[in-house]
Amino acid sequence: MKIFKSIKWRLQVWYGLILLVVLAGFGGTAYQLERSRQFGRIDQELHRRVSVLANALRRPPPRRMEMGFDRPPPDQLPEDLPPPRQEDRPLPQFRLPSESAHLFGTNDPNNFYFHITLATENGRKEIARSDNYHNPVEPTVVARLGRYFDQLNHADLPAQKQPGQLKTFDYDDERVTADILPSSEMVEVGCCIMPEKKQLHETAWNLAAIGGFILLVGLAGGGWLVSRALQPVAEISAAAVKISAGDLSQRINVAEAESELGQLAAVLNATFARLETAFLLQKQFAADAAHELRTPVSVMLTQTQTALNRERDTASYKQTVEACQRGLRLREHHGNRCA
Amino acid sequence: MRILIVEDEPDLLASLAQALREEGYAVDTAGNGDDGLFNAEGTDYDAIVLDVMLPGIDGWEILKRLRKTKKTPLLMLTARDQTRDRVKGLDTGADDYVVKPFDLEEIFARLRAIIRRSTNKTTNVLEIGDVKIDTAARNVAFKDKPVELTAREYSLVEFLALHRGEVVTRTQLYEHLFDENESSLSNLLDVHVSNVRKKLGAEFIATRRGHGYSIE
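Which chain is which? The protein sequence lines are A and F, in order. Numbering-wise, the numbering used here comes out as the position in the first sequence, counting from 1, plus 18. Numbering-wise, the numbering used here comes out as the position in the second sequence, counting from 1, plus 45.
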């Protein structure tokens with residue numbers, strides 16, 4: 019395949035590859051930035067809701083004050099007192115404050131939901147859940163989160179169970195953040211991230227389209243540049259072809275004498291000039307030799323033809339023979355010179 | 046017909062001159078470019094045979110300078126047979142071009158051709174009344190019978206016939222019929238004219254007294 023051996027095509031291919039890598043790098047970075055911006059916003063929303071729920075848990079509604087007997091107000095809780103064992107107390111009551119109700123529910127495109135559980139001897143007990151808390155997530159996510167936090171519990175390291183030690187998981191089109199409170203309740207808040215994923219998908223396609231367009235423009239520009247850069251080579255080649263075909267007067271047109279190719283062209287031109295001079299000298303020599311050799315032949319031919327035109331006296335014939343002899347001598351002399 | 050040969054090779058010059066003289070031409074010779082140019086510019090030749098390679102001024106230069114003043118038919122003679130040289134010769138103003146070595150017959154024919162062209166004739170045969178002149182065969186017939194003419198007499202008839210209707214002066218006749226080496230005795234021409242009148246009829250050549258001769 020001749021075309022793939024040409025410098026033009028190889029340059030074009032390498033240039034295209036480099037351009038592709040650069041564009042992919044830029045596109046990938048842009049995509050990642052957009053992704054972390056989207057998920058950062060989602061995570062912020064999730065954390066806000068977790069803290070709203072955690073606050074609601076610590077601050078039981080006033081009507082239920084008599085039912086939260088086992089839960090002294092946080093300011094009365096001694097700092098060094100270990101949290102009471104879960105099995106010793108009934109499940110705490112929880113009611114979502116009405117001013118926070120709008121944070122959860124199906125009216126939001128992200129469909130935020132929550133689930134609050136408490137780990138007991140007999141496994142996890144549910145304290146509260148939002149209406150839109152749906153099962154498909156539960157078995158896996160709850161199991162994973164439960165295991166994670168139960169491990170923390172059984173390690174008996176209450177100091178580690180600090181608020182803010184949030185754990186976030188992605189599960190299919192859901193994103194779930196969970197927190198374990200000092201009082202051992204686990205708060206999960208999840209949401210649907212379909213809209214964000216859809217938007218990221220669109221962003222990816224847009225980036226790919228823009229990247230493809232830039233790649234095309236770049237390739238076209240690169241092709242133009244390569245053609246321009248190789249133009250002198252084509253000119254040199256054309257001149258060389260004409261010269262090899264026999265036209266020694268051809269010269270390469272040197273537009274930019276200072277460039278690398280210009281210098282090459284100048285060197286080649288000098289070579290061609292010397293070649294032409296040598297060739298012309300040789301031609302001239304051949305012509306001169308032919309001239310020198312032809313003159314004696316003309317002399318003899320004319321002499322003999324004139325002599326034979328009519329009857330002549332002996333002196334005339336002698337003259338003719340002498341002239342022919344001079345012609346032969348001259349011819350021999352020139353022949354020796356040419357040899 | 047008077048012809049100038051410019052050629053530097055003496056043997057070639059001598060034999061060519063001899064051959065042309067034997068053909069009935071008056072022949073002047075020049076052995077180098079300077080003499081050649083001097084002669085060519087100073088005399089009205091009927092044709093010039095010019096070698097290209099000459100000592101002194103070369104053939105190209107002679108041709109170039111001569112063409113500024115004269116339209117004399119000119120035959121280039123050269124050993125160089127490259128197309129470029131032939132084209133150059135013809136473009137500079139030569140009427141024909143012969144490459145050495147050549148046959149005398151060819152030189153004769155080409156000379157006749159360029160002279161014929163210069164006098165605006167299309168054929169070699171001239172007919173004047175009962176007289177028929179064949180310039181190729183160099184013979185003359187009167188009332189369809191061949192007439193014996195000496196070379197000089199033939200030249201006289203041919204020159205006057207080629208300039209038919211014009212008055213040709215005695216000087217012109219001397220210039221074209223005799224070469225530079227012949228003494229121009231005035232009665233020599235009268236003898237030739239009288240001989241021609243005897244052979245071709247007294248009215249063939251008319252005398253313009255005080256001017257010269259003419260053929261009507």
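Honestly, the hints are just simulated from the structure, not real lab data. Note that CB positions come from ideal geometry on N, CA and C, so glycine has one too. Any given hint could be a false lead.
As the list claims (entries may be wrong) - Quick partial rundown of chain A residues pointing at chain F, CB under 10 Å, derived from the structure: (1) R59; (2) R292; (3) K301; (4) P314; (5) Q323; (6) E340.
Claimed, not checked - Calculated lysine to aspartate or glutamate pairs in the EDC-like style (CA-CA distance at most 16 Å, straight line): (7) K116(F) - D130(F); (8) K301(A) - D103(F); (9) K190(F) - E172(F); (10) K301(A) - D126(F); (11) K133(F) - E172(F); (12) K177(F) - E193(F).
Outcome of the hint check:
Hint status for R59(A): violated, given a least beta-carbon distance of 88 Å to chain F, over 10 Å. Against a cut-off of 10 Å between C-beta atoms, the interface hint on R292(A) is violated, since the closest Cβ of chain F lies about 22 Å away. With 10 Å as the threshold, the beta carbon of K301(A) comes within range of chain F, its nearest partner Cβ sitting at about 9 Å, so the hint holds. Satisfaction of the interface hint for P314(A) is found here, the shortest Cβ-Cβ separation to chain F being roughly 8 Å, below the 10 Å cut-off.
At a threshold of 10 Å, the smallest CB-CB gap from Q323(A) to chain F is about 4 Å, leaving the interface hint in force. For E340(A), the suggested interface contact is upheld, since its CB lies about 9 Å from the closest CB of chain F, less than 10 Å. Taking the CA atoms of K116(F) and D130(F), the gap is about 21 Å. The hint is violated against a cut of 16 Å. A distance of roughly 20 Å separates the Cα atoms of K301(A) and D103(F); the hinted pair therefore is violated under the 16 Å criterion.
About 13 Å separates the Cα atoms of K190(F) and E172(F), which keeps this hinted pair within 16 Å; it holds. For the hint pairing K301(A) with D126(F), the CA-to-CA distance comes to about 12 Å; that is within 16 Å, so the pair holds. Among the hinted pairs, K133(F) with E172(F) is inconsistent with the structure: their alpha-carbon atoms are about 38 Å apart, more than 16 Å. Pair hint K177(F) plus E193(F) holds up; C-alpha atoms about 13 Å apart against a cutoff of 16 Å.
Comparing the model with each earlier hint shows violations of hints 1, 2, 7, 8, 11; every other hint is respected.
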